[in-house]
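S.K.: Residues per chain are reported as follows:
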Amino acid sequence: MTDVVRLDAVSKVYGKGQGAVAALREVSVGIPRGSFTAVMGPSGSGKSTFLHCAAGLDVPSSGSVRLGGTELSGMNETALTELRRQRVGFVFQAFNLIPALTVAENITLPLRLAGTRADGAWLDEVVSRVGLRGRTGHRPAQLSGGQQQRVAIARALVTRPEVVFGDEPTGALDTMTARDVLTLLREIVDGTGQTVVMVTHDPVAASYADAVLFLADGRIVDSMAAPTSEKVAERMTRLGAWV
Amino acid sequence: MISLAMRTIRHRGAAFAGAFVALLCAAALVCACGMLLETGLRGSVAPERYAGTPVVVTGDRFARETISKSAEKTKTKAKPLAERAWVPVSLAERLRRLPGVSRVVTEVTFPLYVAGRPFEGHGWESAALTPFTLSAGRAPRADGEVAVEAGAGLRPGARVPVRTPAGDRTYLVTGVTAQDLPGRETLFLSPAEARRLAGRPGMVSAVGVFPAVDVSAALREAAAAPGGVRALAATGDERGVVEFPDAEQARVRLISLGGALGGTSLLVAILVVVGTSALSVQQRQREIALLRAVAATPGQVRKMLGGEALLVGAVAGLVGAAVGIGLGFWLRSRFVALGAMPPNLRLVVSPFPAFAALAATVAAAWAASRLSARRAVRIRPVEALGEVTLPAALLPTGRLVAGLLCAGGGVALTLVLSSLSTEAAASPVTMLTALVWTVAVALLGPLVARVAATLVGAPLRAFRASGHLAAANLRAGAPRLASIITPLSLMVAMTCTILFTQTTVEDAARREAAAGTVAGHVLGPHLPSGAAAAMRGLPGVEAVTEVLHTSVRVGLEKYGAQGVTGEGLGRTLDLGVVAGRLDGLGEDAVAVSRTAAERLGVRVGGRLRLTLGDGTPADLRVTAIYHRGLGFGDLTLSHALVARHVDDPLGTALVSAPSLTRADLARAVPGTGVAETAGAAWAGPANAEVNYVAMGLIIAFTAIAVVNTLAMSTSARSRELALLRLVGTTRRQARRMLGLETLVAIAVAVALGTGIALVTLTAFSTGMTGSTAPYVPPLGYLAVVGAAALLALAATALPARVVLGRHPAEAVGARE
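Here the protein sequences line up with chains A and B, keeping their order. Throughout, my numbering is defined as the position within the first sequence, counted from one, plus 395. Throughout, my numbering is defined as the position within the second sequence, counted from one, plus 20.
No lab work stands behind these hints, which were simulated from the structure alone. In this text the structure is predicted, and so the values were computed from the model without any measurement. We put the CB at the ideal spot given by N, CA and C, even for glycine. Any given hint might turn out to be false.
As the list claims (entries may be wrong) - Cβ-to-Cβ under 10 Å is the rule here; a few derived chain A residues that face chain B:
no., residue
1, 472
2, 491
3, 497
4, 581
To be verified - A few chain A residues that don't get close to chain B, going by computed Cβ distances all over 12 Å:
no., residue
5, 463
6, 477
7, 504
8, 527
9, 570
Pulled out of the complex, with its shape left as it was, chain A reads as follows:
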């Protein structure tokens, strides 16, 4: 398997001088194509910064990030944006959708921004895969929280990105709805070979992934293949004690 995302000795420092805070310290890791990876860690462990750097939303202080074989360092904001537009999909915890646009328009927003047209067959497949058939004309305000996250997932998929990043995608959902959304992500990885990287603090959510990376104090301290929620929870407890 090839790596879709490759981080080499990536550090991120916020601030300068005495007040400087290192959010990431020399992180090196690869995300294999077609995998579902969960990134876990206690608050302040640097998991959000990890996601931002890996997705090209933020520029690391040092080190190299390669996304689908393209080196991100040295790219300006417009070039980064265009790269994200083609190769990366995002699902955030909340406020994922533009309230003025319908479901269909929200899903095709990245295509519209790129100035390309939606591939009708693919759009249909994405919409039916996330279970939103018949709701494409609705406004975000008319949808439940779970449905809104499905729209966000559909939007992340519509450009056939190399990798979809989720930042606590189920963080604002109740247990049942969260389970549905996680199942959907799992299906997408299995059914289409889509790579997904998800930051979460929920051991149950992490158990849907193929592998879990544990971050603490800006470093990757452990990883776990074939996770279960009990194993992850136990590891997290030790991590918390260790920190």
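Given chain A, put chain B in place with the hints provided.
M.R.: Chain B in isolation, oriented as in the chain A frame:
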């Protein structure tokens, strides 16, 4: 991106309402000003009395000066004169001899008053110019006969007492005309009597030429002949300008007023719209961050905001232009009512002002979006992820630099303003100075707000819960506070500047006039010269000084002038002579105010060349310099000289008679007003009211902007207010918290606005009156501050009531 912009506007109507209203007002103001400007540039007055005359020849009513721009390029500039320019009768003879000319009619013009009402007097020969015909009686032939217009309501045989430049006389009505012209009331006397009253032997005010022939060659010859006569021929609507010289001055005033008002409102609009769109970007931060994360490039965000601005600007511009046309008509009716615009100067209605308003509005909206987009594209996509919003730098370097540059510009303009001593030069610079200072404050706003919030934090906490919350909000929300402060301080600064420049000049002039008037009584208006002479002979009268006002031009520059009789001048007037001597002011002498003397570079004993009101050149000897120029005019000439060169030689007289009462004097000159000088109101600048009307619109506009911004800022906080309610804040406490925040904003804005106005006014006062202390009537100032505070509190309280009226649990869950 345009369609996205359109969807956003439809969805978030409220967020764009603010910008929309501001732009609409701007468009309406620009359109109305455009109409005034266009009327000034192209407006015409239809001839009434000259309607039946194909060609009207009059003296050249312009002071002209040829300026050589380079070796081969020269440009002739012309400025209108204050009075009619007369031509010698010989010009009529020359015209009569032209081939093709069948008839020439000469006319003289002079003022008459019947029971204080002004009439224009002519000889009956002028009737042929309209032509007037008689419906009853016969034409006036003898000296004591008069023909009246149909509208006068008189019959032949009636007797009319008339005040003429030569004294009072009762005339017998011999004829009534069939016509009645609306523009002006006219009396016709016998030709011989008319020439006597006009008092300019051998001169005529106009020559009518029949039929329409080209007389330009003859006029050029006349100008080239020895003792050259500069005359102009008017045909078509140009005859209206000749007939109604006031209309020409009104047009010039409209051009400057329309330009200044339109320009100021456009600048204010940009400032206001930048504010509202910055506020709306601030409120849409998360949405913009999401767009950026979903992969909109900074350029695309900029384009989207630009698209929104263009759409809002276009719609607001269209509606505003329509409103503006109505506003233009209203302004015209106000100006006519105030006498600043003759009723027969028609408003030019064309699509140009509307198009200009639309273009200006769209451009202003676009420029504003460009500026606020600078903030928008700095929003980082990461901010869409979760609750964290990275605190933006308080004041980006670019803005800091721009703010400091503006402040520097303000300093420079203030210095320039303090050296300007003419109203024409100082007025536009005054507005610009206040605006530039306000822009500087707006740019440095967040810094100012942060400092202010820190300063007022401690006293605010005395108000317990609501005060504590308000202090915290102010400290955290410095940008929001700044966005409220900007329009508020703009309003206070503009209003104070507009109102108190007038009072400063008026007060200084009134004080000078009061200090310089030694005489106890003033006779007038429309005092015939005979009455003054009679008064001089009255026992107990020490001195009588006749006064006439006119304006003259030195080069092209206009100076207010008074003509005074020299005898006993020291006992009626004290102009505050600082050099030379004023008594025995002869016809070849002129006294100059200190400011004018500095500007003209003349001193006692030097010569001053000027053009009198009717275009006659004069070369006068400077005999005195005085300092009370503001109260009495920049130049003081001899009454005899001025009287021969004004349209209306009936002026006022100052009487020094300490032993006589007002009633004694009134008995001596029946039919003339007598007033004590102490109580006589000083006549302010003629266009003060016009300025109030025009600038009132700007004030109203900034008031709308204030309401706008506050309402926007309050209603955008519905979620925060709902949260406060849920954790146990009562409605009362929440309202008080908002009220305290607004009060702080008002206090800061009043301090800043007053500071800006004071700096501007001090500079203005230094230049115009020589005193660094501007005159600010305390009640007027309190009214301004009170009105600003009430407006701001109401604009906070009303949306707060709506927002707090909603059920908090619903409001807190609602999506932004």
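S.K.: Can you list which hints this structure breaks, lowest number first?
M.R.: 4, 6, 7
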